[in-house]
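Undergrad: Starting from the known structure of chain A, arrange chains B and C on it as the hints suggest.
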Amino acid sequence: MTLAHQTLALQTLGLSKSFGGFRANSDISLCVARGARHALIGPNGAGKTTFINLLTGVVPATSGTVRLLDEDVTRVSQQGRVKRGMARTYQINQLFADLTPIETVGLAIAEREGAGARWWSRVGQNSAVVDEAEALLTRMKLGEVMMWRTATLPYGKQRLLEIALAMACKPKLLLLDEPAAGVPEDERHDVLDSVEALPQDVTVLLIEHDMELVFSFADRISVLVQGQLFAEGGVEEISTDPRVKAVYLGEDAHV
Amino acid sequence: MLTILFDGIAYGMLLFVLAAGLAVTLGLMNFVNLAHGAFAMAGGYATVILMNRFGLPFLLCLPLAFLFSAALGFIFERLLYRHMYERSHLDQVLFSIGLVFMSIAATDYLMGSQQQNIHLPAYLQGRIFIGGVGIGIYRLFIVVLCSLMALGLQWMLAKTRFGSQLRAAVDDRRAARGLGIPVVKVFAITFAFGSGLAGLGGALGAEIVGLDPTFPLKFMLYFLIVVTVGGTSSLTGPLLAALMLGVADVMGKYLVPQLGAFIIYAIMLAVLMLRPQGLFARGR
Amino acid sequence: MLSKPPSTRPLGAQAPSPAAFLQARAAWRWPEILFWISAFGLILLFPNRHLLLNEIAILGLFALSLDLILGYAGIVSLGHAAFFGVGAYAAGLLAKHGVSEPVTGLLLSGAAAGLVGFLASFMILRGTDLTRLMVTLGVALIFHELANRLDWITGGADGLLGISVGPILGRFDFDFAGTTAYTYSLTATFLLFLLARRIVHSPFGLSLKALKDNHLRAATIGIAPNRRIVAIYTLAAVYAGMAGALLTQTTQFVSLEMLDFARSADALLVLVIGGSGYLYGGLIGAIAFKLMKDTLSAMTPAYWIFWMGFILVILVLIGRDRLMATLARPFAPLLKLLGARRP
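These protein sequence lines map, in sequence, to chains A, B and C. With UniProt numbering applied, the first sequence corresponds to residues 1 to 255, in that order. With UniProt numbering applied, the second sequence corresponds to residues 1 to 284, in that order. With UniProt numbering applied, the third sequence corresponds to residues 1 to 343, in that order.
Bound-form chain A, shown alone (with noise of 0.2 Å):
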């Protein structure tokens, strides 16, 4: 038992939420270990969403726990998850449409080195995050464009700032949400490269729709139906499992 603990990125019991009759999330104890490339699926309306707002602490919980590498966080703010290891993207973008990225990202880096509140120092004055922050963006393939005002940037671009983003705030637990959603056709690779390349230290929960993704990517996948966690297994065993085809079927044929 003790040793399971240490292996676990993230752990949830018995995770519910009830939005006046209804419940969304019901009960779902989830496991993902350090270094996995653990999948989430489930068909639309089964409780994603809601589950990623629990496990970020945009919403709380109505009843259950969350566990973050080993500590309790079910009553820690937002930002108090962010500076414990956790990060996330959306799965539409939100991003500072104003700023540039080398500004977007370097806020994120200043935050989470807690000079992000300085009021007195000029904003690139700082080296050490300056040159991260181009280190980052150069490798998530945004170098040419760190100096562009984001509003203006192609929407692969702009997925790969939400991946990057979130790579700034250096998580433990990275909460991908449907990154290649709605990205074209022939920007789709470099999003899903740098989802290849993202470091092994980094524990990823993907959750998603494209199956493709999923069964190149995850080593584990747990399917979440009608807000309970309906199945879970490696990819093989989900993939050939007749009762996820049959949740899957007529909603996304080619699984």
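Derived by calculation from the structure, the hints in this document are not laboratory data. The structure presented is a predicted model; accordingly, all values stated were derived computationally and were not measured. Any given hint could be a false lead.
[To be verified] The calculated DMTMM-like cross-link candidates involving lysine to aspartate or glutamate, where the alpha carbons are at most 25 Å apart (straight line), are:
id, chain 1, residue 1, chain 2, residue 2
1, C, K212, B, E207
2, B, K218, C, D151
3, A, K170, A, D219
[Stated by the list, open to error] Quick partial rundown of chain C residues pointing at chain B, CB under 7 Å, derived from the structure:
id, residue
4, V135
5, L141
6, L256
7, F306
8, L312
Each residue gets a CB set at the ideal place from its N, CA and C atoms; glycine is no exception.
TA: Below, chains B and C alone, put in the same frame as chain A:
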């Protein structure tokens, strides 16, 4: 004491009718219209002119005031407001403040800056005593009339086809349009109706709260309190809030005249801090 | 907007290093220097206009303070006059009860307004635009009512009389032409502007912009919004209070008008005219506003507020951005040099 309570209730009912239109535009359509009071003022002035210049009876003036403000509301909605639905709250605020200022200056120019008087017909004056409690007949009239309006509104929103169309249009404009609901028309009618109610309130209230060109500004906060404190999920919330506000204001001004207005402001701030979604809104 | 080449991309020349690019945002541009030289030059140039110029400087500072919360933190306020009024009354009371040196009075008044702003800021942390509108409006009304009721302290509706302001730093007396007044107000505005400029170009300033741009994402990258908002709101209150104090000291009179709703609306209109989010909007807007008000009031004295409303409606209806972009096109290079990112 009970007399004052009753006065407060009458005042509250009046505030409800004045603010009901705002509860719909702001609460349901999420549009910040600070100029709502201007439509109320228009109804009040329409009544003054009709009574004093043309000698029409008071009871006939009330529906005319409603129609006048509703027509005004309709015209403004078609010409101006509809362009503002999709704008930011800041734009809506600036736009409607601009309208408030224009209405104040225009009224001042046309009618003068003095208080306007309405002479109530004799049968609405005086008091009656029920169980030893003196009740002004006019207040009683207001309470009865406004209660009927409140019931009618609730019925309209909950039970009629128009009500369900409005709720659908508010929930999801695009989906409603897809279902064949004439969203544009529904919004225009709703806006006009809300303005009309305000106009009726302005006509009814001229005798109680006074009428001069600064009316829209003076009562802007009161309307906003009714809507925000009441919450925007139904009409019951604003109604309760209006009653509370009316009673607290009248009682406060009577019992502790030194503190009168503070009580209202303090309650408002407290409610906004503790329950930003409104006192009577269903919690999420 | 999407496929347009971004204005921030360097054209032709070698791309600057990221650090240089970031720091260039905070560099002084020549029109800015020209702007301030002209402002100070007016001390010598228009000696008979100093009373008006004094009012412009004060209104500019007041609008600048609103810009800090509206343009940088995205907080819509309908009651910014509350802090202006607190500063104005504080300065008046200080001068009346012995502290007649203006600079001391100015600092203390700013502190008083800042304290009020600090306390009020906790009320705007929660809720939406709408609740913030209500809270700011409510706070301003409370102070208006307070000043009205506490007439043994404030003079109530008659205004606070008997204010005597001493020479600045014990040396410079106020004169009837307003020359000292304008010099004093302009200097204070300039110094406060320098501080504001420093702050908006700091990491703190950048984080405010991020909060305004996308509150949700700012929270997800670990920016705790509340402390930032409290800080900038308090600072804005200090600025507004100092603007109020300047008006009291240079006119030697305080009245309820300082707390009027119209004053809060004035500041909003100034920012609508001048644009927000680049610091000069308040100052440029104040000039345009005052000149316009003078002209329109001369034409129809009693109905100035009609025109004020009219301008607001037209500006918003046509679209603030679009109209300003059209009007500002001839000046676009200049405005860009002043630091406005988009006209």
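Undergrad: Each hint needs a verdict: does it hold in this structure or not?
TA: Evaluated hints:
1. C/K212 x B/E207: 46 Å, violated
2. B/K218 x C/D151: Distance of about 21 Å is within 25 Å: holds.
3. A/K170 x A/D219: 22 Å, holds
4. V135: Constraint on C/V135 satisfied, holds at 6 Å.
5. L141: With a minimum Cβ separation of about 6 Å from chain B (threshold 7 Å), the hint on C/L141 holds.
6. L256: 14 Å, violated
7. F306: 3 Å, holds
8. L312: 3 Å, holds
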